[in-house]
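Number of protein chains: 2
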Amino acid sequence: MISEAVIKRLPRYYRHIKHLADSGVDKVSSNKIATVLNITASQVRQDLCNFGGFGQQGYGYDVVKLKNELAVILGLDKEYDMIIVGAGNIGRALTGYKGFRDDGFYVKALFDIDPRCSSINGIKVYNMGDMKQYLADNHTDIAIIATQKDSAQSVADELISAGVKSIWNFAPVEIEVPDGVIVENISMSESLYVLSYRAKNNN
Amino acid sequence: MISEAVIKRLPRYYRHIKHLADSGVDKVSSNKIATVLNITASQVRQDLCNFGGFGQQGYGYDVVKLKNELAVILGLDKEYDMIIVGAGNIGRALTGYKGFRDDGFYVKALFDIDPRCSSINGIKVYNMGDMKQYLADNHTDIAIIATQKDSAQSVADELISAGVKSIWNFAPVEIEVPDGVIVENISMSESLYVLSYRAKNNN
Numbered sequence: 277m278i279s280e281a282v283i284k285r286l287p288r289y290y291r292h293i294k295h296l297a298d299s300g301v302d303k304v305s306s307n308k309i310a311t312v313l314n315i316t317a318s319q320v321r322q323d324l325c326n327f328g329g330f331g332q333q334g335y336g337y338d339v340v341k342l343k344n345e346l347a348v349i350l351g352l353d354k355e356y357d358m359i360i361v362g363a364g365n366i367g368r369a370l371t372g373y374k375g376f377r378d379d380g381f382y383v384k385a386l387f388d389i390d391p392r393c394s395s396i397n398g399i400k401v402y403n404m405g406d407m408k409q410y411l412a413d414n415h416t417d418i419a420i421i422a423t424q425k426d427s428a429q430s431v432a433d434e435l436i437s438a439g440v441k442s443i444w445n446f447a448p449v450e451i452e453v454p455d456g457v458i459v460e461n462i463s464m465s466e467s468l469y470v471l472s473y474r475a476k477n478n479n
Numbered sequence: 277m278i279s280e281a282v283i284k285r286l287p288r289y290y291r292h293i294k295h296l297a298d299s300g301v302d303k304v305s306s307n308k309i310a311t312v313l314n315i316t317a318s319q320v321r322q323d324l325c326n327f328g329g330f331g332q333q334g335y336g337y338d339v340v341k342l343k344n345e346l347a348v349i350l351g352l353d354k355e356y357d358m359i360i361v362g363a364g365n366i367g368r369a370l371t372g373y374k375g376f377r378d379d380g381f382y383v384k385a386l387f388d389i390d391p392r393c394s395s396i397n398g399i400k401v402y403n404m405g406d407m408k409q410y411l412a413d414n415h416t417d418i419a420i421i422a423t424q425k426d427s428a429q430s431v432a433d434e435l436i437s438a439g440v441k442s443i444w445n446f447a448p449v450e451i452e453v454p455d456g457v458i459v460e461n462i463s464m465s466e467s468l469y470v471l472s473y474r475a476k477n478n479n
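Each protein sequence line maps, in turn, to chains H and C. Okay, so the first sequence: first residue is 277 according to the numbering used here, each after it adds one. Okay, so the second sequence: first residue is 277 according to the numbering used here, each after it adds one.
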């Protein structure tokens, strides 16, 4: 059982190692990784040991190999079809986010209670009433909830009853889901509150 | 010294308690808080003890009092002036985010290397070349970096040399800052990788 704290650090490792690989770096020490990520070198070694320990003493980590291993661990060796529910500021911004495709995440459709455009950034916009049928016809790995907070739970319920197993929640509310369904929350307000906490205690 | 893990949970407590207060709830038990946040009741009690322990045995927590105490702890009892650097999808979406104002965060200006609009959602858009002068003339508590990753560090350096102490980073890269400057990262790709990790291991 990998701890939550380790799981949360894995993407940071991956992002940094991918950057090194893209920059043509061959190998890297745990010390160097630690400095960039602002954690200790022993933490780096311990974390990566959880997944098999790819480093060699006195040599460090093979960057390309580590990148590929981390990608497999993170499930980035496959492709994911996604839909976005909610065509407000956030939903629209997400249709234009180029990083998704680089990592194998494909936005296939956007749903809104009041679709004002037929497509946004090349993504077709459907009426919410058509979501159930869409999900019956199209395999969907991940649904992004980008609605107002008041409708987030009912949207989640609808997604889950249509068979969606993974939800990425941008609405500022806790969503309850049954066992077997995954929710990952990305909350701007939570991140901002952490910042204001730190700013207040920064003296 | 409050641990990182506790600091990261505080905003979730605040958001939930605020929701209860807005719904007219008077008191709440640690058990009920724990259920919604998907942590244990003893964790809730322990976390809140770090800040003085507001609950009473057999009664629970006074919702309004707890909300106000948490707001003070999180630094939400004051107002913050913010600027956004980068008028791409994310920067533009942030100008329209109504949640900021409710919590006392005010977006005052937007900067871009190629400003195509004079204002977005009522926020004036300036050329990057004018940022130094703007920061000299206008007290700014928080700068939001919403640029491409390649320019995030140089933008941060410029902000810091102009006296900005708190940075909220939306660019998908680790930013290095000197002591006394705070960076809070909000990374969509990291959140998405956690989701794909969980989806992969959800069997």
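None of these hints come from the bench; they were simulated from the model. All values reported here derive from a predicted model rather than from experimental measurement. Treat the hints with care, as some may be off.
Chain copies aren't distinguished; within one or between two, either way the pair holds.
[Unchecked claim] Calculated pairs, DSS-like style, for lysine-lysine (alpha carbon to alpha carbon, straight line, at most 30 angstroms): (1) K400 <-> K341; (2) K400 <-> K284; (3) K284 <-> K408; (4) K294 <-> K408; (5) K425 <-> K384; (6) K400 <-> K303; (7) K425 <-> K374; (8) K400 <-> K308; (9) K476 <-> K294; (10) K425 <-> K476; (11) K308 <-> K384; (12) K408 <-> K308; (13) K441 <-> K303; (14) K400 <-> K374; (15) K341 <-> K408; (16) K374 <-> K341; (17) K303 <-> K384; (18) K408 <-> K441; (19) K408 <-> K303.
Now the hints, each set against the structure:
1. K400 <-> K341: neither (38 angstroms within a copy, 47 angstroms between copies)
2. K400 <-> K284: neither (33 angstroms within a copy, 36 angstroms between copies)
3. K284 <-> K408: Answer is neither; intra-copy 32 angstroms and inter-copy 35 angstroms both fail.
4. K294 <-> K408: neither (37 angstroms within a copy, 33 angstroms between copies)
5. K425 <-> K384: Both. Shortest intra-copy (23 angstroms) and inter-copy (25 angstroms) distances satisfy the 30 angstroms Cα cut-off.
6. K400 <-> K303: Neither, since 43 angstroms and 46 angstroms both go past 30 angstroms.
7. K425 <-> K374: The answer is both: 26 angstroms in one copy and 12 angstroms across copies each meet 30 angstroms.
8. K400 <-> K308: The answer is neither: 44 angstroms in one copy and 41 angstroms across copies each exceed 30 angstroms.
9. K476 <-> K294: between (34 angstroms within a copy, 20 angstroms between copies)
10. K425 <-> K476: Both, since 28 angstroms and 27 angstroms are each at most 30 angstroms.
11. K308 <-> K384: neither (39 angstroms within a copy, 38 angstroms between copies)
12. K408 <-> K308: Answer is neither; intra-copy 49 angstroms and inter-copy 33 angstroms both fail.
13. K441 <-> K303: neither (37 angstroms within a copy, 34 angstroms between copies)
14. K400 <-> K374: Answer is both; intra-copy 17 angstroms and inter-copy 26 angstroms each pass.
15. K341 <-> K408: For K341 and K408, the Cα distance exceeds 30 angstroms both inside one copy (41 angstroms) and across copies (43 angstroms).
16. K374 <-> K341: within (25 angstroms within a copy, 44 angstroms between copies)
17. K303 <-> K384: neither (37 angstroms within a copy, 44 angstroms between copies)
18. K408 <-> K441: Answer is within: at 14 angstroms inside a copy they meet the 30 angstroms cutoff, but 48 angstroms across does not.
19. K408 <-> K303: neither (48 angstroms within a copy, 39 angstroms between copies)
Going down the numbered hints, you'll see the structure goes against 1, 2, 3, 4, 6, 8, 11, 12, 13, 15, 17 and 19, while the others check out.
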